[in-house]
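There are 2 protein chains.
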Amino acid sequence: MFREKRELRIPGPTPVPPQALRALSRPLMGHRTEEFSSILMRTTERLKRILGTKADVYTFASSGTGAMEAAVANTVSASDKVIVVVGGKFGERWSELCRAFGAEVEEIVVEPGKAVDPAAVEQALKAAPETRAVFITQNETSTGVEHDVESVARIVRDTDALLIVDAVSSLGAIEMRMDDWGVDIVAAGSQKALMLPPGLAVIGVSEKAWSVIEKCRSPRYYFDLIACRKNMDKETTPFTPAVSMFYALDQTTAMIEEEGLENVYRRHQDMRDMIRAAARATGLELFASDEVASRTITAIRGDSTFDVEKLRKRLATVYNIEVAGGQSELKGVIFRIGHMGYMDRIDMVSTWAAVELALNDLGRPIEIGAGVKAAMEVMSKCEF
Amino acid sequence: MFREKRELRIPGPTPVPPQALRALSRPLMGHRTEEFSSILMRTTERLKRILGTKADVYTFASSGTGAMEAAVANTVSASDKVIVVVGGKFGERWSELCRAFGAEVEEIVVEPGKAVDPAAVEQALKAAPETRAVFITQNETSTGVEHDVESVARIVRDTDALLIVDAVSSLGAIEMRMDDWGVDIVAAGSQKALMLPPGLAVIGVSEKAWSVIEKCRSPRYYFDLIACRKNMDKETTPFTPAVSMFYALDQTTAMIEEEGLENVYRRHQDMRDMIRAAARATGLELFASDEVASRTITAIRGDSTFDVEKLRKRLATVYNIEVAGGQSELKGVIFRIGHMGYMDRIDMVSTWAAVELALNDLGRPIEIGAGVKAAMEVMSKCEF
Numbered sequence: 021m022f023r024e025k026r027e028l029r030i031p032g033p034t035p036v037p038p039q040a041l042r043a044l045s046r047p048l049m050g051h052r053t054e055e056f057s058s059i060l061m062r063t064t065e066r067l068k069r070i071l072g073t074k075a076d077v078y079t080f081a082s083s084g085t086g087a088m089e090a091a092v093a094n095t096v097s098a099s100d101k102v103i104v105v106v107g108g109k110f111g112e113r114w115s116e117l118c119r120a121f122g123a124e125v126e127e128i129v130v131e132p133g134k135a136v137d138p139a140a141v142e143q144a145l146k147a148a149p150e151t152r153a154v155f156i157t158q159n160e161t162s163t164g165v166e167h168d169v170e171s172v173a174r175i176v177r178d179t180d181a182l183l184i185v186d187a188v189s190s191l192g193a194i195e196m197r198m199d200d201w202g203v204d205i206v207a208a209g210s211q212k213a214l215m216l217p218p219g220l221a222v223i224g225v226s227e228k229a230w231s232v233i234e235k236c237r238s239p240r241y242y243f244d245l246i247a248c249r250k251n252m253d254k255e256t257t258p259f260t261p262a263v264s265m266f267y268a269l270d271q272t273t274a275m276i277e278e279e280g281l282e283n284v285y286r287r288h289q290d291m292r293d294m295i296r297a298a299a300r301a302t303g304l305e306l307f308a309s310d311e312v313a314s315r316t317i318t319a320i321r322g323d324s325t326f327d328v329e330k331l332r333k334r335l336a337t338v339y340n341i342e343v344a345g346g347q348s349e350l351k352g353v354i355f356r357i358g359h360m361g362y363m364d365r366i367d368m369v370s371t372w373a374a375v376e377l378a379l380n381d382l383g384r385p386i387e388i389g390a391g392v393k394a395a396m397e398v399m400s401k402c403e404f
Numbered sequence: 021m022f023r024e025k026r027e028l029r030i031p032g033p034t035p036v037p038p039q040a041l042r043a044l045s046r047p048l049m050g051h052r053t054e055e056f057s058s059i060l061m062r063t064t065e066r067l068k069r070i071l072g073t074k075a076d077v078y079t080f081a082s083s084g085t086g087a088m089e090a091a092v093a094n095t096v097s098a099s100d101k102v103i104v105v106v107g108g109k110f111g112e113r114w115s116e117l118c119r120a121f122g123a124e125v126e127e128i129v130v131e132p133g134k135a136v137d138p139a140a141v142e143q144a145l146k147a148a149p150e151t152r153a154v155f156i157t158q159n160e161t162s163t164g165v166e167h168d169v170e171s172v173a174r175i176v177r178d179t180d181a182l183l184i185v186d187a188v189s190s191l192g193a194i195e196m197r198m199d200d201w202g203v204d205i206v207a208a209g210s211q212k213a214l215m216l217p218p219g220l221a222v223i224g225v226s227e228k229a230w231s232v233i234e235k236c237r238s239p240r241y242y243f244d245l246i247a248c249r250k251n252m253d254k255e256t257t258p259f260t261p262a263v264s265m266f267y268a269l270d271q272t273t274a275m276i277e278e279e280g281l282e283n284v285y286r287r288h289q290d291m292r293d294m295i296r297a298a299a300r301a302t303g304l305e306l307f308a309s310d311e312v313a314s315r316t317i318t319a320i321r322g323d324s325t326f327d328v329e330k331l332r333k334r335l336a337t338v339y340n341i342e343v344a345g346g347q348s349e350l351k352g353v354i355f356r357i358g359h360m361g362y363m364d365r366i367d368m369v370s371t372w373a374a375v376e377l378a379l380n381d382l383g384r385p386i387e388i389g390a391g392v393k394a395a396m397e398v399m400s401k402c403e404f
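Line by line, the protein sequences are chains L and Z. The first sequence begins at 21 in the numbering used here and counts up one residue at a time. The second sequence begins at 21 in the numbering used here and counts up one residue at a time.
I should point out that these hints are in silico values taken from the structure, not numbers from a laboratory. Just so you know, these numbers come straight off a predicted model, no measurement behind them. Think of the CB as a built atom: it goes at the ideal place given N, C-alpha and C, for glycine as much as any other residue. Treat the hints loosely; a few may be bogus.
Think about it this way: if two alpha-carbon atoms lie no more than 27 Å apart in a straight line, the pair counts; the simulated DSSO-like pairs of lysine-lysine are [stated by the list, open to error]: (1) 146(L) - 134(L); (2) 254(L) - 333(Z); (3) 235(Z) - 101(L).
In silico contact screen, one side only, chain L against chain Z (beta carbon under 8 Å); selected entries [as the list claims (entries may be wrong)]: (4) 33; (5) 48; (6) 120.
Here are the computed distance ranges between Cβ atoms for each label pair [what the hints assert, rightly or not]: (7) 366(L) - 364(Z): 47 to 57 Å; (8) 52(L) - 275(Z): 19 to 29 Å; (9) 281(Z) - 52(L): 26 to 36 Å; (10) 199(Z) - 351(L): 37 to 47 Å; (11) 177(L) - 74(Z): 47 to 57 Å; (12) 143(L) - 237(Z): 28 to 38 Å; (13) 97(Z) - 177(L): 33 to 43 Å; (14) 351(L) - 55(Z): 12 to 22 Å; (15) 74(L) - 97(Z): 33 to 43 Å.
Chain L with its partners taken away, still in its complex shape (with noise of 0.2 Å):
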């Protein structure tokens, strides 16, 4: 088996473009050159336009954790009030963020595999007019699942609270516009739809968003976003820039301009339409229900006639096909198919393929091609 053909179908890290991997090995140049500021200045006017934003954009060497820790430290003091929305572990993580500084955090519970409702954000904050932010995850990697973000946002941007999105295993897959939509604080990472390998981070930040963060006494440095903005109007960056992972980034962001964002989005979509009807194809249970369900992942039940866990290691080992797990309470409950970034719409097929062909080295009493041919007739009515 080619070790280094293994297909990764995780939410993270993705496969990267050869393009890009051969950008990695570029040698490296100096961050405080007008070459370097050219490179940082075309990358971000390419990411505000997938942000659909005019505002401002920056980045971070860090993993995406570190964009919601900055949208997190930038706006939030001890004691404010937030509202966050819980709709698994990424949602949790917001809680955990703002709770790691000080604040005092009003969750809306949201039952795995469901969306939010948005009236019970509206409710929330009628509730509580003094809430600083409301947080949310664009999409729910642990879950699958989408919210509606572009709702949400009709309801906060006629308040005083901020509206901040963790859209790290969205932004390059779905569609985001924050200045259309009215949204503050946009977080992603490198490694899921941008096409990168970890260790980058995105931050779009809105006008309205400004205004909290002059006034926000949470300590911060690395984080700083006054420090980046500071930099940014000298087209530099406050620390030492990852110089490779933007030679790559350029690489990237050119490919999602020459594909052009709505064939971007459509493919995502056409890949996630293509798992969901192969699985149903197949007998299996799709965790999130068709109008929830996400663009980039998808999350599928185990049930008493196989073991997911053991699904995963034969997909691994023999068909060379990561897949992820669940995770906490959905351990060895369901298995998640990443479909994001450089991937396309054939690849599922030979995914699913490996699926079903495991499933069927596993006992489970499966008619092989079934999930195959109906993922091939949703494919036959892609355009693309």
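Based on these hints, arrange chain Z on the given structure of chain L.
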């Protein structure tokens, strides 16, 4: 001119060896796999040897400043008293970080170009026995000065205070013996003598430090050391690690082991001695005196016969050699030649030849070759 052949003689990013550049372009793997764990554990063991410790070593996806923030955020609570040795920009960074976290900072200000007198630390500690920690910079990159960490450690180790060392521009080039000397926390970065791109930070943590960390009340999440410890017990990291950087770290730490730490240290010392001899023979003034001169970066004063910023520009554009300027009040006063990481003694000859030729181009009267000869004479006596 070959643009990619630029020789980085700045204090980071430094040249990355070809085998590490190649490693960066290796396809990604999942980070929750046995294969990644084995890279993580192997490189961590090697980093422990470089840090001179059997205690705990962790990494962050961040630049070196991230490890510095981790050192502060995990040990310093609001209103804690700390002592900071400030002999330049990176000493100031410790002060800024400690103040950001609400500490009461007592600075021991050292004249730029001089090293701290350990007796001053002893006195300050006696005057304030409640001091939580002493912060020092092993190698002050902004002035090209080494502070004597071993001597300071001898004083601090017998008190309740922690000794916290910025070794960003020294680790892997200048000796560090955490356990033998009694250093509690060491913060370092990847893009200096560890021969990697920016984006990976390293932190070493002593037993004594843990007792403070466990009681520390400062908010932290991404840089939380307790989360690092919990996850390292399971051979993993709290957040997605910079997988590609570990591929490269695996290469560069193996290179350091192959050369042998003592040889690595001697190589850096020899490169320093060659540059200093060359500068003197060219009639230039060294910013730091011999006893405290950095083994990774040499600061050289400009004078009335040439403009340092014009010299830097000429070196970069004509000779393809990047050197650093002075920072803040030293801008225009000094230029700095980095000699750290993936470079050898013989490279100092060409580096200095370029300096001589550029000075000559700028109309400064010099005897061409005098500095190069002096460097070669030093090299002729080096053992390697």
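We went through each hint and held it up to the structure:
Restraint check for residue 146(L) and residue 134(L): the C-alpha separation of about 23 Å stays at or below 27 Å, so the hint holds. Only pairs whose Cα atoms come within 27 Å are accepted, and residue 254(L) paired with residue 333(Z) is accepted, the gap being roughly 19 Å. Among the hinted pairs, residue 235(Z) with residue 101(L) is consistent with the structure: their alpha-carbon atoms are about 25 Å apart, no more than 27 Å. Against a cut-off of 8 Å between C-beta atoms, the interface hint on residue 33(L) holds, since the closest Cβ of chain Z lies about 4 Å away.
Hint status for residue 48(L): holds, given a least beta-carbon distance of 4 Å to chain Z, under 8 Å. At a threshold of 8 Å, the smallest CB-CB gap from residue 120(L) to chain Z is about 5 Å, leaving the interface hint in force. At roughly 49 Å, the beta-carbon separation of residue 366(L) and residue 364(Z) lies within the given 47 to 57 Å, and the hint holds. Taking 19 to 29 Å as the suggested C-beta distance range, the pair residue 52(L) and residue 275(Z) conforms, at roughly 27 Å.
Distance hint check for residue 281(Z) and residue 52(L): the Cβ-Cβ separation is about 31 Å, which falls inside the suggested range of 26 to 36 Å. Hint check: residue 199(Z) to residue 351(L), Cβ distance near 38 Å, so the stated range 37 to 47 Å holds. Checked against the given bound of 47 to 57 Å, the beta carbons of residue 177(L) and residue 74(Z), roughly 55 Å apart, stay inside it. The beta-carbon spacing between residue 143(L) and residue 237(Z), approximately 34 Å, falls within the hinted interval of 28 to 38 Å.
The hinted range of 33 to 43 Å is satisfied by residue 97(Z) and residue 177(L), whose Cβ atoms lie roughly 37 Å apart. The supplied range of 12 to 22 Å is met by residue 351(L) and residue 55(Z), whose beta-carbon atoms lie about 20 Å from each other. Roughly 40 Å separates the CB atoms of residue 74(L) and residue 97(Z), a value that falls within the hinted 33 to 43 Å.
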